[in-house]
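Peer 1: Read off the chains here:
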Amino acid sequence: MSLDNDPYRYFRIEARELIEQLTQGLFTLADGEGGAQILPELFRYAHTLKGAARVVGQVPLAEMAHAVEDALSPYRNSGQALPVDSVHEFLRLVGQMAEALDALDAPPPAPAAETVSSEAAVAAVAAAVAAPEAPTSEVVRVELARLDTLLEGLSEAVVQLGGLRGVVEALGQAQHGADTLLEQLTAPVASNGSPAERARWMSRVLAVTEGLRASLVKAGRQLGGGLGQVESELGRLRDGANTLRLVPTQTLFGPLELAARDAAASLGRQVEFRAEGGDIQIDGHVLAAVRQSLVHVVRNAVDHGLETPDERRAVGKSPTGLFSLKVQRRGGRVFFVCEDDGRGVDLGRVRQVALERGVVTPAEVDALDEQGLLELLFQSGFSTARTVTEVSGRGVGLDVVREMVRRFKGDVHITSRPGLGTSITLEVPLTLASLEVLGVEAGGQRMLVPLESLSGALHLPAEAVTWTGSRASISFGGEVLPFLPLLDAMGNTGAQRPRAWSVLVLNAGSAGRAAVGVERLLGISRRVSRPLPSSVPPLPLVAGASFDEQGVPLLLLDAAGLVRLVHSGSSGGVPKARITQKHLILVVDDSVTTRMLEKSILEAAGYQVELAASGEEGLEKIQRGGHALLIVDVEMPGMTGLDVTRRIRSIPSLQGLPILMVSSLATDEDKRRGRDAGVSAYIVKGEFQQHSYLDTVARLIASGRRPA
Amino acid sequence: MSLPRSRTALRLDELREGFDASFSRPPPPRQEPGEALLRLRVGGAPLAVKLGHLSGLHLMPRLVRLPGAPASLLGVAGLRGQLIAVHDLTALLGLQSGEPPRWLLLAGGSRRVGLAAAGFEGQMRATPEQLRSGGGASAAHPLLNSNVLLPDAPPLPVLDVDSLVRKLLEDASGPQQGR
Numbered sequence: 001m002s003l004d005n006d007p008y009r010y011f012r013i014e015a016r017e018l019i020e021q022l023t024q025g026l027f028t029l030a031d032g033e034g035g036a037q038i039l040p041e042l043f044r045y046a047h048t049l050k051g052a053a054r055v056v057g058q059v060p061l062a063e064m065a066h067a068v069e070d071a072l073s074p075y076r077n078s079g080q081a082l083p084v085d086s087v088h089e090f091l092r093l094v095g096q097m098a099e100a101l102d103a104l105d106a107p108p109p110a111p112a113a114e115t116v117s118s119e120a121a122v123a124a125v126a127a128a129v130a131a132p133e134a135p136t137s138e139v140v141r142v143e144l145a146r147l148d149t150l151l152e153g154l155s156e157a158v159v160q161l162g163g164l165r166g167v168v169e170a171l172g173q174a175q176h177g178a179d180t181l182l183e184q185l186t187a188p189v190a191s192n193g194s195p196a197e198r199a200r201w202m203s204r205v206l207a208v209t210e211g212l213r214a215s216l217v218k219a220g221r222q223l224g225g226g227l228g229q230v231e232s233e234l235g236r237l238r239d240g241a242n243t244l245r246l247v248p249t250q251t252l253f254g255p256l257e258l259a260a261r262d263a264a265a266s267l268g269r270q271v272e273f274r275a276e277g278g279d280i281q282i283d284g285h286v287l288a289a290v291r292q293s294l295v296h297v298v299r300n301a302v303d304h305g306l307e308t309p310d311e312r313r314a315v316g317k318s319p320t321g322l323f324s325l326k327v328q329r330r331g332g333r334v335f336f337v338c339e340d341d342g343r344g345v346d347l348g349r350v351r352q353v354a355l356e357r358g359v360v361t362p363a364e365v366d367a368l369d370e371q372g373l374l375e376l377l378f379q380s381g382f383s384t385a386r387t388v389t390e391v392s393g394r395g396v397g398l399d400v401v402r403e404m405v406r407r408f409k410g411d412v413h414i415t416s417r418p419g420l421g422t423s424i425t426l427e428v429p430l431t432l433a434s435l436e437v438l439g440v441e442a443g444g445q446r447m448l449v450p451l452e453s454l455s456g457a458l459h460l461p462a463e464a465v466t467w468t469g470s471r472a473s474i475s476f477g478g479e480v481l482p483f484l485p486l487l488d489a490m491g492n493t494g495a496q497r498p499r500a501w502s503v504l505v506l507n508a509g510s511a512g513r514a515a516v517g518v519e520r521l522l523g524i525s526r527r528v529s530r531p532l533p534s535s536v537p538p539l540p541l542v543a544g545a546s547f548d549e550q551g552v553p554l555l556l557l558d559a560a561g562l563v564r565l566v567h568s569g570s571s572g573g574v575p576k577a578r579i580t581q582k583h584l585i586l587v588v589d590d591s592v593t594t595r596m597l598e599k600s601i602l603e604a605a606g607y608q609v610e611l612a613a614s615g616e617e618g619l620e621k622i623q624r625g626g627h628a629l630l631i632v633d634v635e636m637p638g639m640t641g642l643d644v645t646r647r648i649r650s651i652p653s654l655q656g657l658p659i660l661m662v663s664s665l666a667t668d669e670d671k672r673r674g675r676d677a678g679v680s681a682y683i684v685k686g687e688f689q690q691h692s693y694l695d696t697v698a699r700l701i702a703s704g705r706r707p708a
Numbered sequence: 001m002s003l004p005r006s007r008t009a010l011r012l013d014e015l016r017e018g019f020d021a022s023f024s025r026p027p028p029p030r031q032e033p034g035e036a037l038l039r040l041r042v043g044g045a046p047l048a049v050k051l052g053h054l055s056g057l058h059l060m061p062r063l064v065r066l067p068g069a070p071a072s073l074l075g076v077a078g079l080r081g082q083l084i085a086v087h088d089l090t091a092l093l094g095l096q097s098g099e100p101p102r103w104l105l106l107a108g109g110s111r112r113v114g115l116a117a118a119g120f121e122g123q124m125r126a127t128p129e130q131l132r133s134g135g136g137a138s139a140a141h142p143l144l145n146s147n148v149l150l151p152d153a154p155p156l157p158v159l160d161v162d163s164l165v166r167k168l169l170e171d172a173s174g175p176q177q178g179r
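Going down the list, the protein sequences come from chains X and W.
The opening position of the first sequence corresponds to residue 1 in the numbering used here, with each subsequent residue numbered one higher.
The opening position of the second sequence corresponds to residue 1 in the numbering used here, with each subsequent residue numbered one higher.
Bound conformation, chain W alone:
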């Protein structure tokens, strides 16, 4: 043995640390204050979606219409080998627009649901004070029950993506019984 035992142990610790460090995760990005939101255009009006509720934003891929599907279900699209059902936000929120959906939002975790929006206008951050929930009866739609309050601008409605996805999944599995 050329090295004393303690030095071997030290060297081993060093190597082990180096090895472990090479696998360690990068430090978490510094949290900016507030919550990130995407600003979209749906039915000709602006609308915000919390970024944390989405798993992706894509240009709309080619859609294949499904015969017999409700009008709010635009069809299915392929995204990296996954089959995604694309639901029209305009129709789901009871709005009207002649604008074709150009953007696809992915939500719903493992059971992915695609939501179509006409426009993507950018990203923004809102502090908890700026995010106000409970528009109550005055909300344009029950799924637009909270707002972002911005200086010098009308309140921007925030879409409750989780409730919407839950509703879509429930509606789809509902009338199965009578088959």
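The following block holds chain X by itself, in its conformation from the complex:
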């Protein structure tokens, strides 16, 4: 894009940099550090910004910069420190400048400018937030050191290419040799010389041919070695150039802190901003979009989440509210976890606003649980902010935030606890990431596994893998893990076995652990992974791709997807493969069919099962002890499941016992009654599925093992 169709191209970069520097300097002053020596710098930033804004005809911005410059002037001259109170005023002004600059990034307003309705303004801002693909000139700032490394690499590649000159020389010799050979072969002596002449001729021919061969061998050797070096150097350069697109998330923190303080100052609140995970790097393109969304989340939090200092004191909280941003990388995704310690979401108000705006009908709203109500905040057209205040009331609700992250195949989640705060998590996939990977080979294909999701890699003889039909398991660190050859996981059945395996133990966090077998491990390297093209539907096993030396794609495998597949593909019965000792489960059900069905499923999964046909019998057996879990039916003659549960919960030694209620009852009211009685989980017979059932059983047993 030329300067003609984007006159602000360079101004934007400079102004953003200056505003960031102003912000940082003011923060330092606000925290009571720095003192008088920072003032001249701040003055200079404001002055430069003013000049730059005037050059591009941005009069309002220039005037704001001028105001800052003017106000700083007396302190700069006198050497006095800036009063902390006025720092906030300066921060507010700088915040306004940042907004004016953001507005410059936004597409031009709708043509009917004189009567722009608030709806149109809302739409324009929403479009600005939600349209990161608009053809603005995006800019990434790059550390000089990274650029230097790249330039060094380029010089190295040039030197190595120079080394290939020797090949030209060797080929020249070879050509000369070939000419001489031709000359010899067409010499008269070849056809009509005497035997002695012919013998001498033959030895000359042999010598020339030998020389020709030597020249070619030399050229080949030089070419082979040199090309290999140039190739790998250029490959490194390509990866290095790709990482130039990556920006540390740290660059978000300044503008967000500014937004938080700005909002707090104008609303009479106090806020402390904490951030961590700034060293994580993501694609500048994604970060720019995430930044705008996070600004709205921050403003929302200060505006609707945090209470006033008096209100906070009254409920025993510190008068200064806390807003924290944690950036975390898990697998192929980056999470921006935003938490405040405010009042939490007022669900009553959400319900009321949803009804007023016609987002839901009264019948629908009654059917919603807490999470359902929170989800309403993401519905299009739902924004309490629109009418409430000026701070977050830009008409940009969480719906736009979600729409933006979904553009990048990400998502937003919200949880809230009354009186304790709200947590909003933005989750985006790493579109371009520099990460350490282990190269593996399966079925002749090379693939990559992210190192961060690897618990271990080991070589196992064929007999270390225990096969039961098509399922297999291995033992790793005292744990039995389901195992699947990677080729099988990728849909190529009929892989040869038994054989020795290179085994990868994958740890996918909440998805658990599993092992996959490959033919060879190819070593660890750092690679730049890119997303699969837009026309590829989401694939559970592939997180992205990189390129090999020949430019052929190398798939980056998704550990979580693989672990889930191995669990479902190889276990059938064993959900988490954690059953090294047999847990005893008591099943209480008056129906013999249900009892026997559950018994067979549980036993196939490796549990030991005891049965009881009535609540009374169950209660008697459970008190003998030794059970890891009670599975109980609700409706039974005599003591019902709820009665049994209540009785068990009244016995101190059994209060920690997990209880799974299985029933044909399905209403929320039934579930609530179960919960009230002390049931740990509830499974409805109509929705009975072996996997979720066994998953629940395994989860409950694991939770019950924790000391109460």
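Don't read these hints as lab results, they were simulated from the structure.
One or more hints might be untrue.
[Stated by the list, open to error] Taking beta-carbon pairs under 7 Å as the criterion, some of the chain W residues facing chain X (in silico): (1) Arg-41; (2) Gly-44; (3) Val-64; (4) Leu-66; (5) Pro-67; (6) Ala-71; (7) Val-76; (8) Gly-78; (9) Leu-83; (10) Gly-109; (11) Val-113; (12) Lys-167; (13) Leu-168; (14) Leu-169.
Glycine included, every Cβ here is placed at the ideal spot set by N, Cα and C.
Since the structure of chain X is provided, determine the placement of chain W on it from the hints.
Peer 2: Same frame as chain X, but now just chain W:
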């Protein structure tokens, strides 16, 4: 000053023009009548694609299969450092052929989409009169809704590349919600 001011100005204009001219674009190529089309072979049958809808035509590079992908998605390939998803035209148009895809067509602007065809049979031009849209219900596939009418030959179906690319991109982003 050795030169009168007006001559300096003239000389400056001359230099400026020369400088500007060195950057000016070459004259646009003379437009030949009609629209350029590529003639391909897909599913054993001929098919045309408007050249203006494509950004490249390459011999098929090495493909890497994607586990869990639909059958019509042959895999991904690397092309000058770009990752391209390659979709099989034969399968997308509901045709059948034992012929391996040898050609890769690039379409879709910035969000590049690769389309695989078995054969590339040449280039042709068609006048607006020869291009007829709206085969209606008689079209073999909704994406083959227009034809090139050539003398002494059966109508040659023209693939609606833009609609196909749009559909592929929409389908790929569709079922994301339930994650």
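Peer 1: Hint by hint, say whether it matches the structure.
Peer 2: These are the hints, each one checked on the structure:
1. The restraint placing Arg-41 of chain W at the interface with chain X is violated, with a minimum CB-CB distance near 23 Å, outside the 7 Å limit.
2. A hinted interface residue such as Gly-44 of chain W counts as satisfied when its beta carbon comes closer than 7 Å to some beta carbon of chain X; here the least separation is about 25 Å, so the hint is violated.
3. Checking Val-64 of chain W against chain X by beta carbon gives a least distance of about 5 Å; that is within 7 Å, so the hint holds.
4. A least Cβ separation of about 6 Å between Leu-66 of chain W and chain X falls short of the 7 Å threshold, and the interface hint therefore holds.
5. For Pro-67 of chain W, the suggested interface contact is upheld, since its CB lies about 4 Å from the closest CB of chain X, less than 7 Å.
6. Hint status for Ala-71 of chain W: violated, given a least beta-carbon distance of 11 Å to chain X, over 7 Å.
7. Taking 7 Å as the C-beta cut-off, the interface hint given for Val-76 of chain W holds, the closest approach to chain X being about 5 Å.
8. Interface restraint check: Gly-78 of chain W against chain X, minimum CB-CB distance 4 Å, threshold 7 Å, status holds.
9. Given the 7 Å rule on beta carbons, the hint for Leu-83 of chain W holds: about 6 Å separates it from the nearest Cβ of chain X.
10. Taken as an interface hint, Gly-109 of chain W does not check out: its beta carbon lies about 11 Å from the nearest beta carbon of chain X, beyond 7 Å.
11. Below 7 Å, beta-carbon pairs count as interface contacts, and Val-113 of chain W has one with chain X at about 5 Å; its hint therefore holds.
12. The interface hint given for Lys-167 of chain W is broken, as the beta carbon of that residue sits about 10 Å from the closest beta carbon of chain X, more than 7 Å.
13. With its C-beta approaching chain X no nearer than about 4 Å, Leu-168 of chain W sits inside the 7 Å limit, and its interface hint holds.
14. Taking 7 Å as the C-beta cut-off, the interface hint given for Leu-169 of chain W holds, the closest approach to chain X being about 5 Å.
The structure is inconsistent with the numbered hints 1, 2, 6, 10 and 12, although it conforms to all the rest.
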